[in-house]
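4 protein chains.
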Amino acid sequence: MSDSLPTLFKSFSKEGIVRREALLEGLKESGILEDDPRVKALFKALNGSSSEISEAQFQILSDQAPGLFEQALTDNLAIPDFRAFTAELTDIFDEVNTIRMGKLPTYIPQLERVDPEKFAMSVCTVDGQRFSVGDCDDYFCVQSCSKPVTYCLALEEQGEDVVHSYVGREPSGKTFNELTLNAKGLPHNPMINAGAIMCGALIKKGGAASDRFDYVMEKWKTAAGGQKIGFNNAVYLSERQTADRNFALGYFMREKKAFPPDAELLDVLEFYFQCCSIETTTKSMAIIASTLANGGVCPLTGVQVFSPGHVKNCLSLMLSCGMYDFSGEFAFTVGIPAKSGVSGAIMLAIPNVGGITVWSPLLDELGNSVRGVEFCKRLVSRFKFHTFDTMLGLGDDRIDPRRKR
Amino acid sequence: MSDSLPTLFKSFSKEGIVRREALLEGLKESGILEDDPRVKALFKALNGSSSEISEAQFQILSDQAPGLFEQALTDNLAIPDFRAFTAELTDIFDEVNTIRMGKLPTYIPQLERVDPEKFAMSVCTVDGQRFSVGDCDDYFCVQSCSKPVTYCLALEEQGEDVVHSYVGREPSGKTFNELTLNAKGLPHNPMINAGAIMCGALIKKGGAASDRFDYVMEKWKTAAGGQKIGFNNAVYLSERQTADRNFALGYFMREKKAFPPDAELLDVLEFYFQCCSIETTTKSMAIIASTLANGGVCPLTGVQVFSPGHVKNCLSLMLSCGMYDFSGEFAFTVGIPAKSGVSGAIMLAIPNVGGITVWSPLLDELGNSVRGVEFCKRLVSRFKFHTFDTMLGLGDDRIDPRRKR
Amino acid sequence: MSDSLPTLFKSFSKEGIVRREALLEGLKESGILEDDPRVKALFKALNGSSSEISEAQFQILSDQAPGLFEQALTDNLAIPDFRAFTAELTDIFDEVNTIRMGKLPTYIPQLERVDPEKFAMSVCTVDGQRFSVGDCDDYFCVQSCSKPVTYCLALEEQGEDVVHSYVGREPSGKTFNELTLNAKGLPHNPMINAGAIMCGALIKKGGAASDRFDYVMEKWKTAAGGQKIGFNNAVYLSERQTADRNFALGYFMREKKAFPPDAELLDVLEFYFQCCSIETTTKSMAIIASTLANGGVCPLTGVQVFSPGHVKNCLSLMLSCGMYDFSGEFAFTVGIPAKSGVSGAIMLAIPNVGGITVWSPLLDELGNSVRGVEFCKRLVSRFKFHTFDTMLGLGDDRIDPRRKR
Amino acid sequence: MSDSLPTLFKSFSKEGIVRREALLEGLKESGILEDDPRVKALFKALNGSSSEISEAQFQILSDQAPGLFEQALTDNLAIPDFRAFTAELTDIFDEVNTIRMGKLPTYIPQLERVDPEKFAMSVCTVDGQRFSVGDCDDYFCVQSCSKPVTYCLALEEQGEDVVHSYVGREPSGKTFNELTLNAKGLPHNPMINAGAIMCGALIKKGGAASDRFDYVMEKWKTAAGGQKIGFNNAVYLSERQTADRNFALGYFMREKKAFPPDAELLDVLEFYFQCCSIETTTKSMAIIASTLANGGVCPLTGVQVFSPGHVKNCLSLMLSCGMYDFSGEFAFTVGIPAKSGVSGAIMLAIPNVGGITVWSPLLDELGNSVRGVEFCKRLVSRFKFHTFDTMLGLGDDRIDPRRKR
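Protein chains in written order, with our numbering: chain P, 30 to 434; chain E, 30 to 434; chain Z, 30 to 434; chain Y, 30 to 434.
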């Protein structure tokens with residue numbers, strides 16, 4: 030590739046000189062942001078350089094971010110025309126922003142007090158191209174969006190066979206079954222409360238509560254490429270206090286001897302409430318989603334947070350079970366592995382493309398963000414992101430942003 | 030590409046001559062079979078040619094199957110190393126062939142009388158590469174494998190909106206719900222009996238029974254690239270006579286006013302039994318499956334049998350609902366859109382790769398072919414064919430046969 | 030008892046003479062009607078007698094209806110003060126008559142065309158005291174009120190063990206189970222459609238359709254003390270034509286091999302529709318109800334139509350299952366064995382007291398007559414007719430009409 | 030009645046003298062026991078009297094238990110031939126005593142440690158005639174047999190309308206519904222755990238825990254005619270510790286806002302566990318059952334413990350819901366209001382006749398005492414105690430012990 034560096038220099042240069050501004054602009058357009066750990070040295074060098082860059086300096090700059098520097102400037106990242114892509118996303122965002130339907134959840138005051146107008150969207154591709162719009166620096170509780178991470182952590186530690194001896198892996202079907210277990214006496218899958226409570230019981234069993242939670246937070250941070258992850262203690266305390274259904278589920282599972290032998294019910298439930306009370310921004314959660322879309326490797330750091338096989342399992346269940354009672358319809362019409370949370374967040378993992386997070390607190394009657402679901406529907410009406418859109422021969426005029434135009 | 034023809038000639042030639050046998054061998058290895066309509070002229074020319082072929086003759090031969098001739102001989106088809114691929118499939122077939130479990134279905138005598146030892150597997154890629162092993166010329170009834178075709182035909186004729194105003198598109202959940210409808214009073218999805226009965230009612234409404242069935246048979250034949258499709262009248266008569274559950278379903282749906290206004294219940298049910306009684310071989314059904322895997326275009330003829338969007342819908346529902354009560358587990362562990370039939374057939378559509386059909390009459394207690402399900406499990410243990418195996422970065426040692434090695 | 034005849038004569042006589050009119054009035058007040066077969070000879074003698082009756086003539090009259098003559102005139106029948114009792118019933122009838130709620134059933138035109146204002150009530154005690162008010166000579170279809178009779182006939186012929194190897198004897202619980210069978214694969218009980226269809230299949234198995242129906246009609250007539258029982262052929266034809274749910278049930282049961290070996294589904298269903306299409310008046314149905322209340326012996330004829338043990342079984346199931354989804358609530362609040370029909374009839378069997386039939390065609394959303402249910406509620410608010418009102422020590426001011434005041 | 034005392038004296042006397050032993054024997058045969066509070070003075074007088082009693086002394090003795098003295102000695106109590114009746118009961122007891130099937134409950138150690146051979150039966154008629162056989166002085170926990178009392182206490186305090194705005198009054202149908210509520214979001218009825226927990230929450234709301242329990246114990250004692258009622262603290266502690274299902278139920282109900290506004294879940298559950306841990310003997314529980322059979326008036330004291338209307342409600346629900354999942358079958362075949370407890374007790378209330386309690390710890394798979402259920406079945410095969418056995422005209426040879434022979 031370094032063979033092509035002179036060519037790249039030429040394409041940017043005018044009379045043997047490349048303007049620093051043009052490089053900064055080029056990087057920005059490609060979606061490579063200044064806080065990306067991979068380009069720390071590059072930006073340091075760029076910021077220290079003169080405004081006119083010679084071919085030798087160009088080579089030195091390229092060496093600060095080997096490969097990425099060239100790929101970004103030659104439109105060779107996951108989504109080649111990232112500017113066009115984000116323009117489309119912004120369009121959708123603006124359209125959806127006009128929607129004023131839905132209700133705030135009322136079961137805990139902390140969720141009820143959120144500003145219902147909040148709306149944010151962030152994307153991060155499997156090559157770490159990023160873009161955000163709206164209230165993307167606001168923190169919100171992850172709630173059920175924690176379930177895929179909890180499931181992956183249980184898989185990492187215990188393996189698929191052990192985990193699925195405690196929790197099923199199929200859609201649960203009817204709502205009225207929520208409180209019951211499947212035919213084998215297990216929670217139906219890790220994407221519903223009972224299953225997530227169970228997965229949590231499998232993480233760092235026997236460890237101190239503080240150590241277990243530290244471990245989870247550390248993993249969240251790693252999956253988010255080092256971005257800050259917070260914790261909302263007020264939400265945690267409220268969740269714990271108003272968690273009648275989860276206590277009911279917990280006691281019911283304990284009665285059925287569904288838990289691992291040494292699980293302490295109250296510890297297990299408190300751990301679950303803590304995971305739900307983790308706070309983040311759409312920016313950070315989009316990176317986590319992209320880690321899932323990228324087979325478990327964080328695009329910003331290259332760290333293998335989860336093994337690919339476990340991510341595969343997670344995406345399968347997000348596709349079939351991630352959107353509460355809307356899961357079947359969502360799998361059919363949107364067809365992207367997703368997880369919804371009662372805080373109004375939806376986390377989408379588009380395999381080999383990237384992660385998208387939408388956040389808007391007003392919910393429909395099934396508990397999904399009204400704007401979030403609408404965003405997803407419009408997303409697949411413009412882009413070939415449905416699981417089965419990957420087929421060749423789709424003669425429609427929707428965009429496949431993976432392809433160079 | 031014709032620029033590369035001289036290079037191709039050189040790679041096959043020895044002293045300016047290519048041996049006809051080498052070409053035949055090369056085509057065979059690529060999976061392009063003599064009865065492929067695309068190579069009819071080519072084989073005619075080859076069979077008429079001398080055993081030693083000059084560069085000029087080579088060019089003429091290439092013109093008989095433009096593109097395909099070169100792609101086949103340069104390993105540029107969907108599965109480049111087709112010989113290695115089929116060797117693996119044969120291995121799996123031989124392993125699975127040793128299994129002697131399961132039972133013949135007993136509800137009609139025609140299925141009970143089938144030789145339980147029968148076993149066949151056929152594959153057809155989206156580039157029309159084909160391979161078969163076992164009893165691949167034996168006819169069997171398609172039974173529930175007709176459901177994806179019936180659904181696609183209903184979509185083609187009525188469009189998604191109309192079809193799904195009569196039938197749902199989500200997994201049905203529990204077995205005991207089989208006889209009931211979903212919350213909207215519709216059959217849960219087109220992959221279960223009630224839904225397939227409903228889809229049938231939407232095809233050529235008001236037409237004569239004979240014309241309707243002719244139409245369906247014609248479509249089956251087209252989807253199979255012109256291969257012969259049969260009809261087992263004894264099965265049809267038996268189905269009609271012993272169809273208590275389907276009559277119950279039909280009457281129940283009629284009571285709920287679920288049918289289109291002009292549907293005649295007995296006609297609708299007879300049409301359904303006829304679709305189930307269509308006969309084919311694994312060879313032909315693999316081509317039909319590849320038509321689905323290829324976005325609706327038959328690889329052997331290039332005919333667009335179904336539109337890509339409808340095929341997408343069909344694959345979504347095959348993934349979530351195609352394997353009876355095993356669907357959820359199958360989606361998780363195998364992850365390939367599939368449809369099972371009580372005759373012991375399983376039809377797999379691997380998007381952008383091809384179709385595979387396995388047939389072995391002995392069934393497990395959920396009604397799926399024992400060998401068929403085991404074949405599918407072993408298939409994904411060797412090949413990256415799971416829907417979410419497509420992710421980059423999967424560091425396992427399973428084969429991605431789409432890639433050149 | 031004949032010892033007391035002189036005393037009776039004295040109580041009616043004035044100067045050694047009893048006025049015929051006084052006797053006729055006394056009999057009428059006691060509820061013994063002229064068309065009662067037990068008093069045919071008595072009324073003939075009375076009508077032929079002079080208006081002034083001597084003690085010798087009095088003795089002769091008494092001999093025409095031995096026992097009954099004295100019992101009636103000395104207030105020694107099941108409900109001693111029958112006049113007061115019927116006055117209360119008439120009060121309730123008049124109150125309930127003002128209700129104008131409910132809807133006509135729409136599933137067949139014959140039921141939809143009935144005059145919604147119709148309202149009738151008839152009572153017949155276990156001693157044959159009778160009273161009617163309203164449209165008590167109008168014929169209506171018995172519909173589900175046929176189920177207790179069909180059940181009793183099946184019991185008479187096959188015995189309890191055989192019958193209950195084909196049909197359960199417990200409430201079915203949820204509505205949504207209507208179409209399914211109980212855990213043993215049987216209809217839940219004889220008071221729901223599936224169970225009544227099954228009981229019908231057990232009556233005169235193998236007999237000609239005409240003979241089987243003749244047999245049932247004959248039994249109805251006998252249970253009604255010889256009163257005319259009709260058949261509404263238009264209803265039958267409509268039922269047969271629009272019986273989607275019953276066909277669904279029938280096919281479902283046949284699929285589950287629930288029927289006796291030689292049952293022909295269509296015959297069984299037609300038999301069921303015929304039983305539903307039997308026509309009668311409240312007058313006649315009250316006699317049938319009193320036959321049940323009287324342990325199977327028709328009060329007007331003394332004929333043992335059903336054996337007491339079978340009647341006991343029937344009353345048990347009427348109490349727990351006779352009022353569709355309102356059965357549990359009805360058993361709690363009214364506490365009288367009852368059966369409701371979609372024609373708006375409710376048949377009540379008050380053990381040891383008598384039978385009451387109410388008919389008013391407007392139905393509530395559970396399919397019970399609005400006025401009928403209200404009549405029952407008010408009945409037990411005035412009379413101690415609840416199954417558990419029989420306890421001693423009930424210090425309330427409701428009436429026990431069984432007791433002499 | 031005192032008119033007949035001379036006649037009674039004559040029937041017992043020989044030469045103007047009645048032997049004291051004959052009187053004692055006569056009272057014993059009538060079922061009037063020495064610890065009966067109604068005959069305390071009588072027995073004191075008898076014990077102080079000479080062995081030969083004159084007519085004057087006879088009159089004085091009679092005055093010590095006015096009415097009862099005569100009724101007992103003239104066979105004018107609820108079951109006239111009490112000796113024959115108890116002989117039959119003893120026969121049944123001996124037959125059933127040979128049964129060795131069933132299992133001890135294992136969910137708490139205290140129940141598992143009970144001697145499985147224990148077997149006792151006690152009866153108390155509505156006139157206070159008593160008889161016991163077997164381990165009738167052994168204490169056992171009442172468990173679910175507490176539910177009818179708890180329900181009656183809630184009714185007494187809050188009235189029917191309030192109570193049934195918190196709990197339903199119909200059979201729950203299917204087992205799998207146990208954990209869910211009825212269509213109105215209420216527990217199905219007071220005879221299942223959820224409903225009994227709810228009824229407990231309605232008793233002495235806001236009172237101190239100790240006062241509330243004192244109140245209940247006092248009522249139990251009153252209903253038992255002053256007999257000792259105990260409390261098994263070890264069972265209580267075990268119940269509280271292993272009550273996963275009840276905690277699940279409690280939390281589920283709280284989530285559904287089913288409880289009265291001021292209910293504290295833990296208090297409510299502890300109260301429920303305490304009620305289940307009340308201890309008694311068959312002797313005492315038979316008196317309580319007779320209080321129910323007697324319309325709420327304790328036969329031994331004449332105290333109106335519960336009002337008749339509430340007892341009626343209680344008996345209705347015992348009949349339809351008292352025997353767990355066997356309730357429907359029990360209502361059909363036995364037809365006596367009953368309540369079963371997991372300690373192996375069954376309490377029967379035969380309206381106007383009396384109460385029977387059977388206790389044998391080995392349970393069938395539905396949780397009812399094996400010997401207990403068999404005892405009930407044989408009871409109604411000998412005696413006309415089925416709710417609908419009261420009909421006239423039952424020509425069978427079973428005994429109606431209410432009638433003088």
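Just so you know, the hints here were simulated from the structure itself, not pulled from any lab data. There could be a bad hint or two in this list.
A pair counts as met if it fits within one copy or between any two copies, since identical chains are not told apart.
[Stated by the list, open to error] Computed cross-link-like contacts, SDA-like style, restricted to lysine to any residue with a CA-CA straight-line distance of at most 20 Å:
(1) Lys73 x Tyr265
(2) Lys250 x Ser336
(3) Lys285 x Asp273
(4) Lys285 x Asn222
(5) Lys406 x Phe122
(6) Lys285 x Arg274
(7) Lys286 x Thr135
(8) Lys250 x Gly331
(9) Lys285 x Glu124
(10) Lys413 x Asn381
(11) Lys234 x Asp104
Tested hints:
1. In the homo-oligomer, the alpha carbons of Lys73 and Tyr265 never lie at most 20 Å apart, since the shortest distance is 40 Å inside one protomer and 71 Å across protomers.
2. Within a single copy, Lys250 and Ser336 get their C-alpha atoms as close as 17 Å, which meets the 20 Å cut-off; across copies the closest is 44 Å, which misses it.
3. In this assembly of identical chains, Lys285 and Asp273 lie within 20 Å of each other by CA distance both inside one copy and across copies; the values are 18 Å within and 9 Å between.
4. Taking CA atoms no more than 20 Å apart as the test, Lys285 paired with Asn222 passes in both settings, with 16 Å inside one copy and 17 Å between copies.
5. For the homomeric pair Lys406 and Phe122, the shortest alpha-carbon distance inside one copy (12 Å) is at most 20 Å, but the shortest distance between copies (42 Å) is not.
6. Within a single copy, Lys285 and Arg274 get their C-alpha atoms as close as 16 Å, and across copies as close as 9 Å, so both meet the 20 Å cut-off.
7. For a Cα distance limit of 20 Å, the shortest separation of Lys286 from Thr135 across copies, 14 Å, qualifies, whereas the shortest one inside one copy, 32 Å, does not.
8. Taking the closest pair of Cα atoms, Lys250 and Gly331 come within 20 Å of each other only inside a single copy of the chain (14 Å); across copies the shortest separation is 50 Å, beyond that limit.
9. Proximity of Lys285 and Glu124 under a CA criterion of 20 Å is satisfied in neither setting, with 48 Å inside one chain copy and 37 Å between copies.
10. Proximity of Lys413 to Asn381 under the C-alpha cut-off of 20 Å is found in both arrangements, the shortest distances being 13 Å within a copy and 14 Å between copies.
11. When the C-alpha separation of Lys234 and Asp104 is checked against a cutoff of 20 Å, the pair qualifies neither within a copy, at 46 Å, nor between copies, at 52 Å.
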